[in-house]
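J.: Chain by chain, the residues run as shown.
There are 2 protein chains.
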Amino acid sequence: MPYELYYWDGLQGRGEFVRLALEEAGADYVDVERTGSGQMMAILGSKTEPHIPFAPPFLKDGDLIIPQVANILMYLGPKLGLAPKDEASRFVANGLQLTIADMVGEAHDTHHPLATTLYYEDQKEAAKQRAADFIKHRIPKYLGYFERVLTQNSKGAQHAVGSALSYVDLSLFQLIEGLHYAFPRGMKPFEKRYPALASLRALVAGRPNIAKYLKSERRIAFNTSGIFRHYPELDQDAT
Amino acid sequence: MPYELYYWDGLQGRGEFVRLALEEAGADYVDVERTGSGQMMAILGSKTEPHIPFAPPFLKDGDLIIPQVANILMYLGPKLGLAPKDEASRFVANGLQLTIADMVGEAHDTHHPLATTLYYEDQKEAAKQRAADFIKHRIPKYLGYFERVLTQNSKGAQHAVGSALSYVDLSLFQLIEGLHYAFPRGMKPFEKRYPALASLRALVAGRPNIAKYLKSERRIAFNTSGIFRHYPELDQDAT
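Heads up: the sequence lines are chains A and B, in that order.
Residue 0 is where the first sequence starts when you use numbering that gives the first Met the number 0, and the numbers rise one by one after that.
Residue 0 is where the second sequence starts when you use numbering that gives the first Met the number 0, and the numbers rise one by one after that.
Don't take every hint at face value.
Put simply, identical chains are the same to the list, so a pair is met inside one copy or across any two.
Straight-line distance between alpha carbons at most 20 Å, and here's what the computed EDC-like set of lysine to aspartate or glutamate pairs gives [unchecked claim]:
| id | residue 1 | residue 2 |
| --- | --- | --- |
| 1 | 84 | 62 |
| 2 | 84 | 32 |
| 3 | 59 | 3 |
| 4 | 59 | 85 |
| 5 | 140 | 48 |
| 6 | 59 | 32 |
| 7 | 154 | 48 |
| 8 | 46 | 146 |
| 9 | 211 | 86 |
| 10 | 135 | 190 |
| 11 | 135 | 121 |
| 12 | 59 | 86 |
| 13 | 211 | 27 |
| 14 | 187 | 146 |
| 15 | 154 | 62 |
| 16 | 84 | 190 |
| 17 | 211 | 190 |
| 18 | 123 | 85 |
| 19 | 154 | 27 |
| 20 | 140 | 86 |
Source of the hints: derived by calculation from the structure; they are not laboratory data.
My request is simple: use the sequences and hints to build the entire structure.
T.: Right, dumping it as structure tokens:
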């Protein structure tokens, strides 16, 4: 039975971290909302389902419903051959994935610092402040950290954990792509400052299944409905 | 060898979710920074450690370093007898814990909506807007969800997952305590609106080891250095 991924149609968002793992592994999966089924809201609103998710994305594997990106990837990782083999390293991978999730949450809050219930246009001034801080302080702090993770990896700087590709590498790729889309000016120093991350980005982009996926219709383009949004007025040196 | 918990001294913060699990289980642990060792910053800044955490809290178990609250609890849960026995339910527990973490992050952002690098006093007006939205929309959304999780649990509404106490129950207790401390007016409808959560709160508070801990010097009082902060001007109906 194929895995069922539930996420909003029309945006990459948090669902994309799961899609990349499924695509790299060539897994059999259905991106349910993109079939127009409308089942997602029924599951979220169910009064009988014993394991209701708070929000998408969530994965359905048979009867089991698994919410939260890092949780989905921790579940899928070993099944897809994208997790370290030893148990200790799996917790290292999960710790990194949760730190990626934290940065993704902060990237979201650059355009929604006051309330998710308000439009961006109604919190633009606060967004400018938050985005400026994000570019100045948070991007260097997080990317500097991930660069150290790669360079201090005892198995070599090619991968985040151990000596093989894992879902963490795929998520770092997506994070870097999203930051470049949202903040092209803010990310200009990227390749120079973070050479190990830049190599990882190229390595992932060159994986045959990922390269095929990125060119396919299944890859939704970045847009201003997602987590990463390109609003020129939030980028560095906006006037 | 005792578990070593690394977290800032002087506040409950995110470390408290881990402390409650260790205390409930009567585990042998050292709250390292409270001994004045200063080791935490050395680990965070290490240029050689292969598995550096991004931020506290992190747990050290022998050579293994595990960061991120939900990750620490997923690791400790089975060892402390505070996780479900079957693997599928462990992913259910982790999904809930990550949703608790999301709400904790949003509670933090009520007093720091623009930048963690700025003082609260320098983002007070934005904080008022974010806190108002949090109380009006996010508390009901999250607590309504957790109430449904309890009432739709096929093993009974006493626990979040399965029929036994888990670390998720302990974390829900801490979340509820923190919200009451930060927003006493906003939380007034709590008992009436969320009876299953209110029962869970009482059940956890009555566990002998938790009751002992809460009265001990090891339990730091809530204060305005933590995640949950009581600023009367951010509470409901502030004038």
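J.: All the hints need checking, so say for each whether the structure fits it.
T.: Hint check results:
1. Within a single copy, residue 84 and residue 62 get their C-alpha atoms only as close as 26 Å, which misses the 20 Å cut-off; across copies the closest is 18 Å, which meets it.
2. Taking identical chains as interchangeable, the C-alpha atoms of residue 84 and residue 32 are never at most 20 Å apart, the minima being 33 Å within one chain and 33 Å between chains.
3. Taking the closest pair of Cα atoms, residue 59 and residue 3 come within 20 Å of each other only inside a single copy of the chain (5 Å); across copies the shortest separation is 36 Å, beyond that limit.
4. Taking the shortest Cα distances, residue 59 and residue 85 sit within 20 Å of each other only across copies (17 Å), while inside one copy they are farther apart (25 Å).
5. Taking the shortest Cα distances, residue 140 and residue 48 sit within 20 Å of each other only across copies (18 Å), while inside one copy they are farther apart (41 Å).
6. Only within a single protomer do residue 59 and residue 32 lie at most 20 Å apart by alpha-carbon distance; the minimum there is 13 Å, versus 41 Å between protomers.
7. In this assembly of identical chains, residue 154 and residue 48 lie within 20 Å of each other by CA distance solely across copies; the values are 12 Å between and 44 Å within a copy.
8. In this assembly of identical chains, residue 46 and residue 146 lie within 20 Å of each other by CA distance solely across copies; the values are 12 Å between and 45 Å within a copy.
9. In this assembly of identical chains, residue 211 and residue 86 lie within 20 Å of each other by CA distance neither inside one copy nor across copies; the values are 31 Å within and 34 Å between.
10. For the homomeric pair residue 135 and residue 190, the shortest alpha-carbon distance inside one copy (17 Å) is at most 20 Å, but the shortest distance between copies (43 Å) is not.
11. In this assembly of identical chains, residue 135 and residue 121 lie within 20 Å of each other by CA distance solely across copies; the values are 18 Å between and 23 Å within a copy.
12. Proximity of residue 59 to residue 86 under the C-alpha cut-off of 20 Å is restricted to the inter-copy arrangement: shortest distance 15 Å between copies versus 24 Å within a copy.
13. When the C-alpha separation of residue 211 and residue 27 is checked against a cutoff of 20 Å, the pair qualifies only within one copy, where the shortest distance is 16 Å, while the shortest distance between copies is 51 Å.
14. For a Cα distance limit of 20 Å, the shortest separation of residue 187 from residue 146 inside one copy, 16 Å, qualifies, whereas the shortest one across copies, 46 Å, does not.
15. In this assembly of identical chains, residue 154 and residue 62 lie within 20 Å of each other by CA distance solely across copies; the values are 17 Å between and 38 Å within a copy.
16. With identical chains, the CA atoms of residue 84 and residue 190 are never at most 20 Å apart, being 31 Å at best within one copy and 46 Å at best between copies.
17. In this assembly of identical chains, the alpha carbons of residue 211 and residue 190 never lie at most 20 Å apart, being 24 Å within a copy and 53 Å across copies at closest.
18. Taking the shortest alpha-carbon separations for residue 123 and residue 85, neither the intra-copy value of 46 Å nor the inter-copy value of 47 Å comes in at or below 20 Å.
19. Neither within a single protomer nor between protomers do residue 154 and residue 27 lie at most 20 Å apart by alpha-carbon distance, with minima of 31 Å and 33 Å respectively.
20. For a Cα distance limit of 20 Å, the shortest separation of residue 140 from residue 86 qualifies neither inside one copy, at 28 Å, nor across copies, at 35 Å.
When the structure is compared with the earlier hints, violations turn up for hints 2, 9, 16, 17, 18, 19, 20 and for no others.
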